[in-house]
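Student: Listed here are the chains, written in short residue letters.
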Amino acid sequence: MSSRSPAAAAPLAAPSHSRRRPLGRRLRRGAAPYALLLPAAAVIAAVLGYPLYYLVRLSFQHYGLFQLVRHKGESIGTANYAQIFHDGFFWHVVLRTVVFTAVCVVLTIVLGTLIALLLAEVGSFVRLLLTAGLIFVWATPVVVAVALWEWMIDFEFGVANWTLTKLNVGDFNHHDWFANPWSGWGVIISLIVWGAIPFVAITLYAGLTQVSRDLVEAASVDGASPWRVFRDITLPLLKPIYVIVISLSIIWDFQVFNQVWIIRNGAPSNDYTLMAIYAYTESFKISEYGLGSAIAVVMVGIMLVISFFYIRQMVKVGEAE
Amino acid sequence: MSSPLAGAPLAGLRTPQGGRRRKRARRVGVNALGLAVFAVMIFPIYWMVATAFKRGSDIFANTPVWFPVHPTLSNFSDAIHRPHFWADVKNSLIVVGCVVVFSLVLAFLAALALAKFRFYGRKAFIVLIIGVQMIPLNALIIPIYLVLAKANQVDKLSGVIITYLTFVLPFTVWTLRGFLLGVPRELEEAAQVDGSTRLGAFVRILLPLIGPGLVATSIFAFIQAWNEYIMAVTLLHSADKQTLTVWLAGFITDRGTAWGPLMAGATLTALPVVIFFVAIQRKIAFGLTAGAVRG
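Residue numbers (numbering that gives the first Met the number 0), protein chains in the order written: chain A, 0 to 320; chain B, 0 to 294.
A partial selection of chain A residues facing chain B, derived with a Cβ cut-off under 8 angstroms:
id	residue
1	L117
2	E120
3	L133
4	V142
5	A146
6	W150
7	I250
8	Q254
9	S292
Simulated from the structure, these hints should not be mistaken for lab results. Heads up, the beta-carbon is just placed ideally off N, CA and C, and yes, glycines get one too.
Build out the structure end to end from the sequences listed, making use of the hints.
Tutor: Given below as structure tokens:
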């Protein structure tokens, strides 16, 4: 394991430019790197660049069933955007997606941090066990996770209803979790946070092991409380990791689709519509591909704004190597 | 204790004996908490596997049967004899195999350029590679579907394979670049001083060194492609042309009350991913945070 602390990564960026390579220098201005890049760049342009361009073009078109048959949309200017921006439900969905993302991210980061701190405290056997458990959860495919959570909350034989009834939380016999959107979202958020915790906890724990123990001990001897040690020493040192972990969590949770889609049997009602689901149903359920594209473009725009910090941090880290 | 924050706040004022007792009580408490967190996190997975091995009367019990006391394989045989299971396993393997091979070859060349050369536009390409991974698949599925419909590639595995490159290829380039950067330049130089060509140095020195990285990256590509759902369910309509995740999701939707076979199917779907994932977990963390954390 490298002893280099994450915080120290950034300043190392500069010297790597000046290192010399005997042959690389000759090839530096040559065509070799471009030839190596070309195939991947061409494929990315074809499978990502073109669809992205087409998405934007679609958002300015009327593209319904008739157009689908003819494979050609009709240009209608900004009408799609005008329609969604004047649609109360669209703004409702945007707001719900933002709140949903915030709740998921905060829960994931807080619980992930607590588990990371716990990992640093427990004995080596418990640490091994807990890490293994986290890895199994991390490895579970989303579709599988949805299946097993649905089974746990089954209204008749689900283990959740039985346990909650036994614990006297209330009468959960034959309780349908999706009858009320609040408890339905509770299930969806639990399922997503459960799946998201391992990456955060394991990554933060890896960062924690690199925080200088002397520093922490010195602060404790000086009488600093554990919370102050965490806030004033651990947190600043882990900041680069937090930037990446939080950005990735926001990015992943903002585009949640599969969990909601499958758990609502491929037809989420308005109560369970997030932005990704809205764009999808507008396109594929009611064949308004132009309108769906406009929603998707707004979504991509929000994503790129959020990603800015992540990309900046990744480039910084990447340059440091 | 090996932790950065351990034991500190309670030290100081106590007598040595009382302090030691307190320390032990704290350690027991912390470990118990660790076990409790482990139990909560692992329970859903345990419950899936346990259910998969239970007989029907133990699954449909008014009081949960916590352990498969009468283990049976009938749920598994039910699951694999469901319509289209084997066809969809085969489809998944074809799609995943092609995606892994294509993206690995393309990404390796690109990663070589990014890691071993300094050239104009390098940084821009790196930003591009990271940036395109942020584009939600759900947004791209609309134009991709329409383009593939025009090209008559809907409901064909080839269309899905091309589509999967959108998210597997950029990630593979980024991860492989990280592994290539890990190869000490001195080794390459030493080989060149010995009179080998650049290609010779590459084959004899670089390739064996990045072997593990190539394996890890291909497994990661495998997992991503194997788990994908939304593209597959949109592009593949015939039941015998779908992938395993679509099969499983369909099973969830129209399961009726077949929880045993469903849990067996879920276990089988997760199995290859879990095995591979456990094998390369440390390297996945590396790929995602690339250098911020060295696991």
